[in-house]
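Participant: For reference, the chains in residue letters:
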Amino acid sequence: MSPAMQSRGKKVTAPDNLYTVILSLALAAVLATAGYVAYQCLTQYETLFKIQ
Amino acid sequence: MSTLTKVLIVLLTIASIFLCGVVVTYVASADNYKQMYDQRRSSEMTAKQQRDRTIEEWNAAQKAMAEEKTKLNADMAALQAQISTLKGQVADALRERDDARRRKENYESLLAANAKTGELHAQLQKEAQDAQVKLEAEKTRLEDELDGVTGALNEKLAIVMQLEAKVKGLTEEKTAIQNKLDQFLRQYGKVTAQAAPVTVMREAARVAPPATDIDLKGSLSAVDLKNLLAEISIGAADGVKKGMRFHATRDSKFICDVVVLDVEPDKALGWLELLQDQPQDKPKAGDAVSTNL
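So the protein lines, in turn, are chains A and B.
Per this note's numbering, the very first residue in the first sequence carries number 11; after that it's consecutive.
Per this note's numbering, the very first residue in the second sequence carries number 5; after that it's consecutive.
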């Protein structure tokens, strides 16, 4: 926690949402990528973690 | 948030998105190894099955080949035996062919010899025919000559018969005249010599009369063994007469007999008889001869 955020208190500004969106985008990209990889793994190898 | 945080967030986001893009790209372009494995495995299974099938077929083919090989070996053995038999037959045929060739050559030589013999026979026959023609001509000539001689002989025989009849007549006439003469001379106390018979007996060989108690001795003065004649050293003056038999001796050994054929006053000619076989016992000049042994 940065002192800037503590100083503001509980007030949410637009730059905070922007970075949230950016992080959420990044998270979404990662999750999408993980999901895609899992899907591919399941379809191709029919397993996710074990090597059959 | 501090600026650094913001920067980090942005960088993180960018890196995340980049990495996600890389991962997605990699995963999307990556080979489906399971599928490939499954395909390879199915291919391998298929290949194994095919290999097994091929091995079974190969074993079956091996077995069939072994059986075929055994059968072919048996066939080969039979064919080898047949080949040996045929080789023997070929050898026999070659021997027979060589024998036939030798017989053929012998027959050809015999035929050639026969042809030469035939030619020789023909030549001899021709010569014999020529000789026969000549002989027939000679025979004809001799027959003609014989006819002539036979005719002449018949003429001579007729003449001889005439002469014999004439001689017989003359002899009988002579006998009648002799009888008349005897009758005429008897008147005066004389007689004539004994008359000869009408038919004269001719003797081919006269046997010498035995000369006993004469004891004439002489020697062989000449000997002709070729003509069987000998000359003795005594003649008519010593009492030798025709027909006398002298015995020739040498050293008290009998040599031969000598029958007197012709007599001269001091020598006589005789015929040799009873000659010995030994050459040393042949008569020769100087051997003693006598009428008594």
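Simulated from the structure, these hints should not be mistaken for lab results.
Ideal placement from N, C-alpha and C gives every residue a C-beta, glycine not left out.
Some hints here could point you the wrong way.
Under the rule of at most 30 Å between Cα atoms (straight-line distance), these lysine-lysine pairs were calculated in the DSBU-like manner [said to hold, decoys possible]: (1) K67(B) <-> K38(B); (2) K38(B) <-> K60(A); (3) K257(B) <-> K246(B); (4) K120(B) <-> K130(B); (5) K221(B) <-> K120(B); (6) K221(B) <-> K60(A).
Partial list, derived from the structure: chain B residues whose beta carbon lies under 7 Å from chain A [unchecked claim]: (7) L12; (8) L15; (9) T17; (10) I21; (11) F22; (12) V26; (13) V31; (14) N36.
Computed from the model, here is a short list of chain B residues facing chain A with C-beta under 10 Å [unchecked claim]: (15) M5; (16) I13; (17) V28; (18) V171; (19) L297.
Participant: Run every hint past the structure and note whether it holds.
Facilitator: Hints and how they fare:
For a cut-off of 30 Å, the pair hint linking K67(B) to K38(B) is broken: about 41 Å separates their Cα positions. Restraint check: the Cα-Cα separation between K38(B) and K60(A) comes to about 13 Å, which is no more than 30 Å; the hinted pair holds. Only pairs whose Cα atoms come within 30 Å are accepted, and K257(B) paired with K246(B) is accepted, the gap being roughly 25 Å. Annotation: proposed proximity of K120(B) to K130(B) holds, straight-line Cα distance about 15 Å (limit 30 Å).
As the CA atoms of K221(B) and K120(B) are separated by approximately 75 Å, the hinted pair breaks the 30 Å bound. A threshold of 30 Å between alpha carbons decides the hint, and for K221(B) with K60(A) the separation of about 184 Å lies outside it, so the pair is violated. With its C-beta approaching chain A no nearer than about 10 Å, L12(B) sits outside the 7 Å limit, and its interface hint is violated. Look at L15(B): its Cβ only gets to about 10 Å from chain A, farther than 7 Å, so that hint breaks.
Taking 7 Å as the C-beta contact cut-off toward chain A, the hint placing T17(B) at the interface holds, the least distance being around 4 Å. Hint status for I21(B) relative to chain A: holds, with the closest Cβ pair at about 5 Å, below 7 Å. Among the interface hints, the one on F22(B) is violated; its C-beta lies about 9 Å from the nearest C-beta in chain A, farther than the 7 Å criterion. Interface restraint check for V26(B): the shortest CB-CB distance to chain A comes to about 9 Å, outside 7 Å, so the restraint is violated.
At about 5 Å, the closest approach between the beta carbon of V31(B) and any beta carbon in chain A falls short of 7 Å, and the interface hint on this residue holds. Taking 7 Å as the C-beta cut-off, the interface hint given for N36(B) holds, the closest approach to chain A being about 5 Å. Because the smallest distance between the Cβ of M5(B) and any Cβ of chain A comes to about 6 Å, under 10 Å, the interface hint for this residue holds. Below 10 Å, beta-carbon pairs count as interface contacts, and I13(B) has one with chain A at about 5 Å; its hint therefore holds.
Hint status for V28(B): holds, given a least beta-carbon distance of 6 Å to chain A, under 10 Å. Because the closest C-beta pair between V171(B) and chain A is about 183 Å apart, greater than 10 Å, the hint is violated. Checking L297(B) against chain A: minimum C-beta separation of about 172 Å lies over 10 Å; hint violated.
Violated hints, listed in ascending order, are 1, 5, 6, 7, 8, 11, 12, 18, 19; each of the other numbered hints is respected by the structure.
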